[in-house]
Amino acid sequence: MIPNLDNLPVYDTAGVNERIARFCSRSIKSNSKLEGLRLALSMVDLTTLEGKDTTGKVQQICYKAMHPHDTLKNIPTVAAVCVYPAQVANAVKALKDSGIQVASVATAFPSGQSSLEVKLLDTKFAVDQGANEIDMVISRGQFLAGNYQYVFDEIVAVKKVCGQAHLKVILETGELDTLDNVRKASELAIYAGADFIKTSTGKIQPAATMQVTYVMLDAIKDYYIKTGKMIGMKPAGGISTSKIALQYLVMLNEVLGEKWMNKNYFRFGASSLVNDILMQLVKAETGIYQSSNYFSKD
Amino acid sequence: MSRLAIQKTYKLYIGGKFPRSESGRFYAINNSKGNLIANMCLASRKDFRNAVVIARNAQSSWANSSALNKGQILYRIAEMLEGRKEQFIAELIAQGETAENAKTEVLLAIDRLVYFAGWSDKYQQFFSCINPVSSAHFNFSVLEPVGVVAVIAPEKQSLLGLISVIAPAIVGGNTVIVLASESKPLSAISFAEVLNSSDVPGGVVNILTGKKEELVNQFASHMDINSIIYCGTDEQLILSISELASNNVKRTTFYKKNDWASDSCESPYFIEKTQEVKTTWHPTEI
Chain A
1 MIPNLDNLPV YDTAGVNERI ARFCSRSIKS NSKLEGLRLA LSMVDLTTLE GKDTTGKVQQ
61 ICYKAMHPHD TLKNIPTVAA VCVYPAQVAN AVKALKDSGI QVASVATAFP SGQSSLEVKL
121 LDTKFAVDQG ANEIDMVISR GQFLAGNYQY VFDEIVAVKK VCGQAHLKVI LETGELDTLD
181 NVRKASELAI YAGADFIKTS TGKIQPAATM QVTYVMLDAI KDYYIKTGKM IGMKPAGGIS
241 TSKIALQYLV MLNEVLGEKW MNKNYFRFGA SSLVNDILMQ LVKAETGIYQ SSNYFSKD
Chain B
1 MSRLAIQKTY KLYIGGKFPR SESGRFYAIN NSKGNLIANM CLASRKDFRN AVVIARNAQS
61 SWANSSALNK GQILYRIAEM LEGRKEQFIA ELIAQGETAE NAKTEVLLAI DRLVYFAGWS
121 DKYQQFFSCI NPVSSAHFNF SVLEPVGVVA VIAPEKQSLL GLISVIAPAI VGGNTVIVLA
181 SESKPLSAIS FAEVLNSSDV PGGVVNILTG KKEELVNQFA SHMDINSIIY CGTDEQLILS
241 ISELASNNVK RTTFYKKNDW ASDSCESPYF IEKTQEVKTT WHPTEI
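Protein chains in written order, with our numbering: chain A, 1 to 298; chain B, 1 to 286.
Hints in this document: simulated from the structure, not taken from any laboratory. As the structure is a prediction and not an experimental result, all values here were calculated from the model. Think of the CB as a built atom: it goes at the ideal place given N, C-alpha and C, for glycine as much as any other residue. Please note that the accuracy of each hint is not assured.
Far from chain B, by Cβ distances over 12 Å, these chain A residues were calculated [stated by the list, open to error]:
1. Q59
2. A157
3. I204
4. S292
Think about it this way: if two alpha-carbon atoms lie no more than 30 Å apart in a straight line, the pair counts; the simulated DSSO-like pairs of lysine-lysine are [to be verified]:
5. A/K243 to B/K85
6. B/K17 to A/K29
7. B/K33 to B/K212
8. A/K243 to B/K212
9. B/K33 to A/K243
10. B/K85 to B/K278
11. A/K124 to A/K29
12. A/K29 to B/K85
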C-alpha cells in the first residue's frame, strides 16, 4: 500500500550541505585508501547506455568487467554490466559464469514517457533475455503532477514482472527539483518493492550528487529501523574519480554502517570511474603517476 | 603616520588560477644580506599531479588554435611584459642581479617572446618536407606537438631562461608545467600574472615553485608527461631523469648552457625539440 507521504522529514539544504562537507573532509590514506578503492571497484555497475552500442562494444565492456587490468593483482571484478535490453543477450553470453550480474535498463528508459503496457513488455523482454537486475525509471511527469498512486502502482507492476531479477528504481533526481521530493520518491519506490533505489539515468544533469544520495540513504535508514529490511543504494552518473567514490563510501558508512558496505547493497553506476580507480591502484603499486593512454578506453 | 606597504603573496600558477600549495608549505627567499624578500609556495607532488591533469585537458584546444592566434598571444605576452618591465627589473635586482644585468635580461626576455611569436606560422614550413619514395605514394612529414611538457627552468637568469624555454614549447602547441628557479623564483610568479592577462588560455602554462630534489623525479616519471626539459648541469640528475623518462619514452632535452642571453638561444630548433614528426604515405595511383 502507498506509504503516508505527509509526515516525512523535511530537508534543510544548508544542513545537508554541512553534513556532506564533513564526509568529504575525512582523510583516507594508504591501506585504508587501497581497501576503499578495491571496494569501490567491486561495486561498479559498468555501464554503456548509448544509441551507438554494438555487440562488439558490449563484448568489450564485458571483458573489461571480468579483467579490469592485466597486471594488477588482488583486484575484484566489477559487480555488474549495465546495458539496454537489446544488448542483454550479448552481455549474458559474454559474461557466462563469471558471476558478474547483467543489469538492464527498462521501462522506456530514460524518459519513461510511455504506456504501462509497453513498459512491462520492455521489462519482460530484458528479463527473458537473461537480465538479473532491472533498472527502471519512475514517471517523473506523474510524480510532479502529484499522481503518487500512479507512480507507486507502476513500480509494483514492474516488480511483479521482474520475478527473480532485482529491481532498481531510478528516481532521476535531477528532475525532481527538491530534496523533499527526492525523499518522497524514495519512499514510494521502497514501499512499492524496490531492491535498490538509484539516483539518475545519467542522461540528465545534474546526475548523482552527494546531497540527493544522502537523502535517499536517510530514507533507507528509516525504512530499516521500521521494518528491519535492507534496501540497496545506487548513485549513478558523474562519479568519475576515485576521490569522489571514496567520499560516497564514507557517507555510506556513516549513514547506514558497515552492513551496507558491499556490492549487494551499494553500487556505483559509472564507466570512467573504473579507469580512475585502476590508475590510482597502479600508482600505489609503482609510485608513478599514470596516464589514461595506458588504460583501455571503453 | 606612515603607510604600511602591501606585500605580494607569491602563489603557484595552475590552470589560470593562483592557488597556494595543497601542502600548505612554503620556503623563504632571502637577499644577499640575508633579509627575507618573500615566502614562496613549496609545491608538492600533488600540486604537480593536479597541474598535469589541467595541462592535459588544455592541450588539444591550444594545439588546435590557429598558428596566427598562438603568435598573437605570444606577442601579447611581450606587450604586457613591456608595460611592467620596471617591476621585473626591480625584482631581479632584489634577487641579486646588478641593475644593468637586470635591465638587459628583462629587455631580452621581451624580445625573445616576440622572436618566437614570429615563428608561430613559419616553423612548420621550415621543418616539414616532402620525401622522395620509390612507390606510388605522396610522402610528407609534418610536425605535431608532443603534448604536455615538463620543464625544470634554469637556476640563473630566472626570467630570461624561463621564457626562452617555455616560449618555443607553447608556440608549437604544447602545454607546459614549469618548475621555476629554486633560488630565484619571484620573476616566474610575477610572469604568471603577465600570462594571466595576456589571453593565454588557463592550463597552457602552469608554474610551480619548490625544491628540485623533491619534484624532479615526479616530473620525469609521470606517465602523462610527454617530454621533459631540464636546464642545468647536474649529471646525476640528468641520469636519473633519463632513466625515469624511459618508462613512457618521454622525449628528454637537456640544456647545459649558462648564458641564455646569447644569440644562439634564438633558433627554431628550440621549437623542434618539443615536436614529433608525423610522416604520411598517401597513395597517388591505384
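### Indices of hints not satisfied (ascending)
4, 5, 9, 10, 11, 12
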